[in-house]
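All chains, please: the whole structure from these sequences, using the hints.
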Amino acid sequence: MSDNSATATLTATTPGTCLIAATKASDSNYNSVTSSNLTFTFNKATLATPADPTISKGATSATDLVANWTTVSNASAYMVRWYDSTGNTLIGSYNAGNFTVYGIANLTAGTTYQITVQALGGANYLNSAESNKVTQSTKALPATPTISVTYSVGSGSSSTATSGNTLIEITQGQDFNATATASTTDAGSLQISVGPIKNSSPISGSSTNGTTANVGRNIDTSYNVGTTTFNGSDCITSYSGTVLCIQVKNTLSGVATYSSYVGFGFKIYAALSITGSTQTGIIGTAFTMSGAVNAATTPILSVSGGKAYNGSQTYLYSATGLPTGLSID
12 MSDNSATATL TATTPGTCLI AATKASDSNY NSVTSSNLTF TFNKATLATP ADPTISKGAT
72 SATDLVANWT TVSNASAYMV RWYDSTGNTL IGSYNAGNFT VYGIANLTAG TTYQITVQAL
132 GGANYLNSAE SNKVTQSTKA LPATPTISVT YSVGSGSSST ATSGNTLIEI TQGQDFNATA
192 TASTTDAGSL QISVGPIKNS SPISGSSTNG TTANVGRNID TSYNVGTTTF NGSDCITSYS
252 GTVLCIQVKN TLSGVATYSS YVGFGFKIYA ALSITGSTQT GIIGTAFTMS GAVNAATTPI
312 LSVSGGKAYN GSQTYLYSAT GLPTGLSID
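According to this note's numbering, numbering within the sequence shown proceeds without interruption in unit steps and concludes at 340.
There's no promise every hint is true.
[Stated by the list, open to error] With a straight-line Cα cutoff of 25 Å, these simulated DSS-like cross-link-like pairs (lysine-lysine) come out: (1) Lys-209 <-> Lys-278; (2) Lys-209 <-> Lys-260; (3) Lys-260 <-> Lys-68.
[Unchecked claim] Restraint-style ranges between C-beta atoms, simulated for each label pair: (4) Ser-218 <-> Gly-133: 50 to 60 Å; (5) Ile-102 <-> Thr-222: 37 to 47 Å; (6) Ser-168 <-> Gly-121: 35 to 45 Å; (7) Thr-100 <-> Tyr-269: 27 to 37 Å; (8) Asn-79 <-> Ser-218: 26 to 36 Å; (9) Ile-102 <-> Ala-151: 12 to 22 Å; (10) Ser-218 <-> Ser-170: 20 to 30 Å.
Simulated from the structure, these hints should not be mistaken for lab results. The beta carbon of each residue, even a glycine, is placed where N, CA and C say it ideally should be.
Written out as structure tokens, the structure reads:
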């Protein structure tokens with residue numbers, strides 16, 4: 012800096028120390044003279060402490076918190092820190108750059124934390140102090156719901172499945188009757204969902220709010236004859252053939268948990284074709300009975316080898332077209 016006036020202004024652009032001396036030039040009466048050096052030290056200014064951040068719970072997660080804060084003049088970035096419930100143990104921190112919001116993830120459900128924000132000064136300013144610690148808790152994780160599916164084939168006896176995959180033997184035209192029941196130990200809202208696979212291709216599923224849902228269907232001739240192959244324990248991800256995958260979702264304060272899957276695969280047989288007379292057939296093999304069925308005759312139908320018809324039995328074939336005690340659709 013050089014200035015011929017009696018006063019001058021010194022402006023520092025960076026922190027540091029400088030020396031200044033004043034010199035009087037010589038003239039006809041006086042020799043030149045220089046004053047002693049004056050030392051000036053310029054320190055960084057400290058940024059203002061941020062106002063307390065606003066901490067909110069994650070909208071759909073029990074393991075997230077979201078921090079929002081207002082800007083601080085001259086700040087180049089912001090550091091977010093989160094502590095345990097006492098505020099004494101630092102759990103994590105994150106440099107959020109010049110953003111004023113940050114989502115803290117991978118926390119523990121139903122747990123209290125204390126969060127602070129600090130303004131960072133960069134090259135020309137000192138970092139601020141941390142804001143006050145603001146306390147917030149993550150949402151509680153809903154209870155894992157349970158599922159129970161009571162099912163039967165046609166008018167057969169009922170069974171119950173609560174997990175895993177079950178192979179159902181059924182003949183084209185028969186009904187697979189199934190009712191799913193859901194339960195939870197908390198105040199969550201339950202939804203029963205069905206993911207169907209027909210002939211190895213996904214089709215539209217359904218979701219029912221509440222604790223019960225009819226999840227059965229008629230296995231008509233549009234379902235291919237053959238058997239389901241489960242290639243893993245999770246029926247919805249690996250399959251061939253025809254499958255029903257049933258699951259319950261429990262939602263509490265926007266957070267969801269899920270039951271295990273209950274899966275049903277189908278071993279589908281061709282429908283028997285019966286027109287009268289006496290004939291023996293094996294389930295899974297279509298055949299036609301010759302002769303008319305009328306009130307003057309009492310033909311016999313012998314059916315063997317099929318679980319769908321409960322083993323080998325002989326039935327009287329009535330004049331109205333159905334064997335006594337046997338349902339053929």
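Structure-based check of all given hints:
1. Restraint check for Lys-209 and Lys-278: the C-alpha separation of about 12 Å stays at or below 25 Å, so the hint holds.
2. Among the hinted pairs, Lys-209 with Lys-260 is consistent with the structure: their alpha-carbon atoms are about 23 Å apart, no more than 25 Å.
3. Note on Lys-260 and Lys-68: the hinted pairing holds, with a Cα-Cα distance of about 21 Å set against a maximum of 25 Å.
4. Our hint of 50 to 60 Å for Ser-218 and Gly-133 holds, since their Cβ atoms are close to 52 Å apart.
5. Checked against the given bound of 37 to 47 Å, the beta carbons of Ile-102 and Thr-222, roughly 39 Å apart, stay inside it.
6. Range check, Ser-168 to Gly-121: Cβ separation about 44 Å, and the 35 to 45 Å hint holds.
7. Checked against the hint of 27 to 37 Å, the pair Thr-100 and Tyr-269 passes, with Cβ atoms roughly 33 Å apart.
8. At about 34 Å, the CB distance of Asn-79 to Ser-218 agrees with the hint of 26 to 36 Å.
9. About 19 Å separates the C-beta atoms of Ile-102 and Ala-151, a value consistent with the hinted range of 12 to 22 Å.
10. In this structure the supplied range 20 to 30 Å holds for Ser-218 paired with Ser-170, their Cβ-Cβ distance being about 24 Å.
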